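Chemist: Read top to bottom, the protein sequences are chains F and D. Counted the way the working numbering counts, the first sequence spans residues 1 to 520. Counted the way the working numbering counts, the second sequence spans residues 1 to 470.
Derived from the structure by calculation, the hints contain no laboratory data. Bear in mind that the values here come from a model prediction, so they are computed numbers and not experimental data. All residues carry an ideal CB built from backbone N, CA and C; glycine is no exception. Don't take every hint at face value.
[What the hints assert, rightly or not] Reference listing, derived: stretches of chain D covered by chain F, where coverage requires no fewer than 3 residues with Cβ under 8 Å from a Cβ of chain F: (1) 52-59; (2) 141-152; (3) 342-352.
[Said to hold, decoys possible] Ranges between beta-carbon positions, derived for each pair: (4) Ser493/F x Pro201/D: 52 to 62 Å; (5) Leu208/D x Ile19/F: 37 to 47 Å; (6) Asp146/F x Pro17/D: 34 to 44 Å; (7) Glu320/D x Ile479/F: 17 to 27 Å; (8) Pro334/F x Gln71/D: 27 to 37 Å; (9) Lys340/D x Glu22/F: 48 to 58 Å.
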Amino acid sequence: MNRLPKVREFHSPVWSEPIIMEMGSKGARGILVPETEEEIQAQVGEAGSYIPPKMRRKATPQLPEVAQPQVLRHYLHLSQMCLGMETNIDAEGTATMKYSPKVNEALARLPGMTAIHPCQDEDTVQGILAIIYSLDLFLREISGMDQFTFQPPGGSMATYTHACILRAYHGQRGQDAQRDEIITTIFSHPCNAATPATAGFKVITLMPAQDGYPDFGALQAALCERTAGLMITNPEDTGIYNPRIREFTDAVHAAGGLCFYDQANANGILGITRAKEAGFDACHFNLHKTFASPHGSFGPGCAAYGVREELAKYLPKPVVTYDGQKYHLDYERPDSIGKVREFHGNIPAVLRAYAWIMSLGSEGLLEVARTAVMNNNYLSKMLERIKGTVRYYAPGKYRLEQTRWSWEKLTADTGVSTLDIQRRMVDYGLQSFFMSHHPWIVPEPFTPEFCESYSIDDMEYWAAVLKQISDEAYTNPEIVKTSPHKAPIHLVSYDALDDPAKWAITWRAYLKKKGRSILE
Amino acid sequence: MQKGRDCGHPYIPNAAPEIKAKMLQAIGVPDVETLYQEVPEELRLKEKLKLPRPFPSEHALKKHVKGLLSQNQTCEDYLSFLGGGCWQHYIPAVCDEIISRAEFLTAYGGTPYSTFGRMQAQFEFQSLMGELVGMDVVSEGSYSWGTVAGNAVRMAARMTGRHAVLMPRTVAPERLATIRTFCASVSEANRISIELVDYEPETGLMDLADLKKKISADTAAVYFENPTFLGSIESQGEEISEIAHAAGAESIVGVDPISLGVVAPPSDYDADIVVGSAQPLGVHMNYGGGAFGFIASRDEEKYVAEYPSWLISIAPTAREGEYGFGFTRFERTSYIGRDKAKDFLGTGAGLWTIGAAVYMALMGPEGFRKIGETIIQRAHYAIDSLSRLDGVKVVFPSNAFKEFVVNFDATGTTVQAIHQALRGYKIFGGLDLSKDFPELGHSALYCVTEVHSREDIDRLIHGLKEVVGK
Numbered sequence: 001m002n003r004l005p006k007v008r009e010f011h012s013p014v015w016s017e018p019i020i021m022e023m024g025s026k027g028a029r030g031i032l033v034p035e036t037e038e039e040i041q042a043q044v045g046e047a048g049s050y051i052p053p054k055m056r057r058k059a060t061p062q063l064p065e066v067a068q069p070q071v072l073r074h075y076l077h078l079s080q081m082c083l084g085m086e087t088n089i090d091a092e093g094t095a096t097m098k099y100s101p102k103v104n105e106a107l108a109r110l111p112g113m114t115a116i117h118p119c120q121d122e123d124t125v126q127g128i129l130a131i132i133y134s135l136d137l138f139l140r141e142i143s144g145m146d147q148f149t150f151q152p153p154g155g156s157m158a159t160y161t162h163a164c165i166l167r168a169y170h171g172q173r174g175q176d177a178q179r180d181e182i183i184t185t186i187f188s189h190p191c192n193a194a195t196p197a198t199a200g201f202k203v204i205t206l207m208p209a210q211d212g213y214p215d216f217g218a219l220q221a222a223l224c225e226r227t228a229g230l231m232i233t234n235p236e237d238t239g240i241y242n243p244r245i246r247e248f249t250d251a252v253h254a255a256g257g258l259c260f261y262d263q264a265n266a267n268g269i270l271g272i273t274r275a276k277e278a279g280f281d282a283c284h285f286n287l288h289k290t291f292a293s294p295h296g297s298f299g300p301g302c303a304a305y306g307v308r309e310e311l312a313k314y315l316p317k318p319v320v321t322y323d324g325q326k327y328h329l330d331y332e333r334p335d336s337i338g339k340v341r342e343f344h345g346n347i348p349a350v351l352r353a354y355a356w357i358m359s360l361g362s363e364g365l366l367e368v369a370r371t372a373v374m375n376n377n378y379l380s381k382m383l384e385r386i387k388g389t390v391r392y393y394a395p396g397k398y399r400l401e402q403t404r405w406s407w408e409k410l411t412a413d414t415g416v417s418t419l420d421i422q423r424r425m426v427d428y429g430l431q432s433f434f435m436s437h438h439p440w441i442v443p444e445p446f447t448p449e450f451c452e453s454y455s456i457d458d459m460e461y462w463a464a465v466l467k468q469i470s471d472e473a474y475t476n477p478e479i480v481k482t483s484p485h486k487a488p489i490h491l492v493s494y495d496a497l498d499d500p501a502k503w504a505i506t507w508r509a510y511l512k513k514k515g516r517s518i519l520e
Numbered sequence: 001m002q003k004g005r006d007c008g009h010p011y012i013p014n015a016a017p018e019i020k021a022k023m024l025q026a027i028g029v030p031d032v033e034t035l036y037q038e039v040p041e042e043l044r045l046k047e048k049l050k051l052p053r054p055f056p057s058e059h060a061l062k063k064h065v066k067g068l069l070s071q072n073q074t075c076e077d078y079l080s081f082l083g084g085g086c087w088q089h090y091i092p093a094v095c096d097e098i099i100s101r102a103e104f105l106t107a108y109g110g111t112p113y114s115t116f117g118r119m120q121a122q123f124e125f126q127s128l129m130g131e132l133v134g135m136d137v138v139s140e141g142s143y144s145w146g147t148v149a150g151n152a153v154r155m156a157a158r159m160t161g162r163h164a165v166l167m168p169r170t171v172a173p174e175r176l177a178t179i180r181t182f183c184a185s186v187s188e189a190n191r192i193s194i195e196l197v198d199y200e201p202e203t204g205l206m207d208l209a210d211l212k213k214k215i216s217a218d219t220a221a222v223y224f225e226n227p228t229f230l231g232s233i234e235s236q237g238e239e240i241s242e243i244a245h246a247a248g249a250e251s252i253v254g255v256d257p258i259s260l261g262v263v264a265p266p267s268d269y270d271a272d273i274v275v276g277s278a279q280p281l282g283v284h285m286n287y288g289g290g291a292f293g294f295i296a297s298r299d300e301e302k303y304v305a306e307y308p309s310w311l312i313s314i315a316p317t318a319r320e321g322e323y324g325f326g327f328t329r330f331e332r333t334s335y336i337g338r339d340k341a342k343d344f345l346g347t348g349a350g351l352w353t354i355g356a357a358v359y360m361a362l363m364g365p366e367g368f369r370k371i372g373e374t375i376i377q378r379a380h381y382a383i384d385s386l387s388r389l390d391g392v393k394v395v396f397p398s399n400a401f402k403e404f405v406v407n408f409d410a411t412g413t414t415v416q417a418i419h420q421a422l423r424g425y426k427i428f429g430g431l432d433l434s435k436d437f438p439e440l441g442h443s444a445l446y447c448v449t450e451v452h453s454r455e456d457i458d459r460l461i462h463g464l465k466e467v468v469g470k
């Protein structure tokens, strides 16, 4: 292995931008909007005459008045103070931060995508329906499931969709009241606990066995005549793949439950292994993760949710069908759970995923998976040599995705925490690592994931920054604890966030509270 | 690096054989296969995935996908009067410019330091929207109007401990179906029943007598919309809120925020929780993918405690006078609370939130006033002109904002047939209501916005005259 590269100098732009509400001056305009033609004005009269008097707006909204160049510059400055994946080496684990090809962006911005309305007649949108249907077919092949919907606009909504389908499935079998328990694991994404709870299920969360693997004994103990289903990820949050997964799904089926596979991130196993063979009845993929649609500052995402044939009738409506000549939107689905969101889903993400698969094919997808797994294990080799790191669980086993690490040794030695290191990374121009979903079973956690988009140089650079921060922790811990120093802002005082007297979730609330504190 | 058949794919830098060999050696395995030893043999795929051959170049890929998209007939090629929950408004070029920035487009969560800019932009969305709706707390953008309406109803149910919600029969069918999903529950104790309140046949507004009849001690909330799905400005907001409050229920209002430069904000008629779609504010329709919603309320702890959403708060930093940001009461959310959380949270609509912030910043108070006036005047010009056509009737003509119901019963023709014929004029007629609102006969919901000029409206009138005159 090479010696790690030298860490570069970096400083984030610091624009000290005002809040937009503080900007501009009276009479400034950011955009001219179309004005009503004189003939129309003459014919219909004042707009206000069509608004019932008590429904007319009395007080002008206190929006800023800012001209166009200044609005543009303000938001360009804000963008410069945001580390997008494409502008740095972003290894946020479980998030599958990969390259979103620019050609797919260019395609998603064509009017054939942006300027179509979801209620147009089928025969005016045959192109987009063909893309939706084709991606459905591709994902059937990739997962072994029998039909997909793209209606859920994010991963959590896909697990919610599953919980709703489970509710319908058991309900139709007259077991609704009886089968009201969902089993998940603590290392599955929190939405696998939250969304079935929202759908009214009781949730049983299994703790891992001593070695970090899901505990089969605990699963057996939890199964009973109330079990509605299992909802889990694999590899889990830790990156550990559960090799006994088929025993888990078989046991749940034997107890009368169904099995859902949260494959938000499936990057390491594309073309290697599938939901079907592992015994799952349903699964989902986040198109904004594994399938290269961009994350968009936390959305819009799109989750492809797929099921075995037996469950297909419950899918939200409409689904896209093909009769050999034309594509159709099928709304006539009496057993459907209805809608989880208006319309058909975040279709630009479907378009990008389609284009991504069509640029790679089956061998390309396999290469994606194999390279991602190789990258993650290569990173492990570098990280284990950094002072103060501990790779948690399953010694000697390879990880198939992200890897759960701990700084507990470094924290014990130096008092520097994973939160401190997370901030300090920004001083080197790197996106902060993902720590862990909650609760933190692993102390002082961090969870890097390098998918296929990163070069060996990128990974070595990333490791070099972590090594540098570890060295700082041992030699000059204060610089890490008081970080960031080269970021857009300094350490935030979080006390205000949870205090009703101090939190300010809008500018108007801020002005009121600031005014009050001055008066006190 | 790229040679012969072994050449690396441009999206996969380490696929080149030399690099791979070096990395595998460092890991200490003979091949990548060894890294998969945890996946049992019986779960391994034995064959290659059956997928189409990939395109050999970016050029070929682009040509293919462009070809597919060109089979769509767009609302730029056609003159469209479709609305009903997804609306065609003008998108300022600056909005597209900002949401195309790689820094925003490809960021994810990060921290208040690494993605500071997106947090400020999203706080600005909350602040700007707060001015429009007249509320001190606004969430970041979420999935859609329907999903946030579902969240708001659940908030009210938790706050009141009650299990029923009343809403007008005019709620958009797609939205209502989404709200129904959120109100269902495996557990009987947590189920929320939805009862629909009649509307007055002359105005399309809520029938207050029916509301009074149906409201009870188990009503958690009255949810209503402004403008209504059928297009009218609901003028009885104050009375509806009063009836809700008298029964100990919350008043939840769904709004189209583009109306709020001229129409009173829900805070003026005592709404407790406000939801709505922000897609009209600078986000393309995207075949419905542009939909996104928000939740707002007064700044009271009992409301804040029930939001499932991201709530970005401004906060001081170690440097005097510097603005920082963080999440308020994050333990509410499913990221911390798991099954004990307030509903659930996940990847939502961050980029659209930023786009809408840019839109509101560009528009300012004058822009919102002007656009509201333009929309109303043009809509009423269309209503006027349509009403003069033989056999065509606008059902609730007086209080329309941008949408209105056009009835074709007297033409003796179906909506479908009329719209099919209109396509010959390169016009998409409005949303067909005949299935969801059979009492309205052969009717369609037409939408007129600032993008529809007088010429456009005249073109519709001309087309319809020929179509129904035949």
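Chemist: A separate judgement is required for each hint: does it hold in the structure or not?
Modeler: Consistency of the hints with the structure:
1. With 5 residues carrying a beta carbon less than 8 Å from a beta carbon of chain F, the segment 52-59 of chain D meets the three-residue requirement, and the given coverage holds.
2. Under a criterion of three residues with beta carbons nearer than 8 Å to beta carbons of chain F, the stated coverage of the segment 141-152 of chain D is upheld, 6 such residues being counted.
3. Look at the segment 342-352 of chain D against chain F: 10 of its residues bring a Cβ nearer than 8 Å to a Cβ of that chain, three or more, so the hint holds.
4. Ser493/F and Pro201/D have their C-beta atoms about 58 Å apart, which keeps the hinted 52 to 62 Å range intact.
5. Against the hinted window of 37 to 47 Å, the Cβ-Cβ separation of Leu208/D and Ile19/F comes to about 41 Å, which satisfies the hint.
6. About 38 Å separates the C-beta atoms of Asp146/F and Pro17/D, a value consistent with the hinted range of 34 to 44 Å.
7. At about 21 Å, the beta-carbon gap between Glu320/D and Ile479/F stays in the expected band of 17 to 27 Å.
8. At about 31 Å, the beta-carbon gap between Pro334/F and Gln71/D stays in the expected band of 27 to 37 Å.
9. Take Lys340/D and Glu22/F: their Cβ atoms lie about 39 Å apart, and the range 48 to 58 Å is violated.
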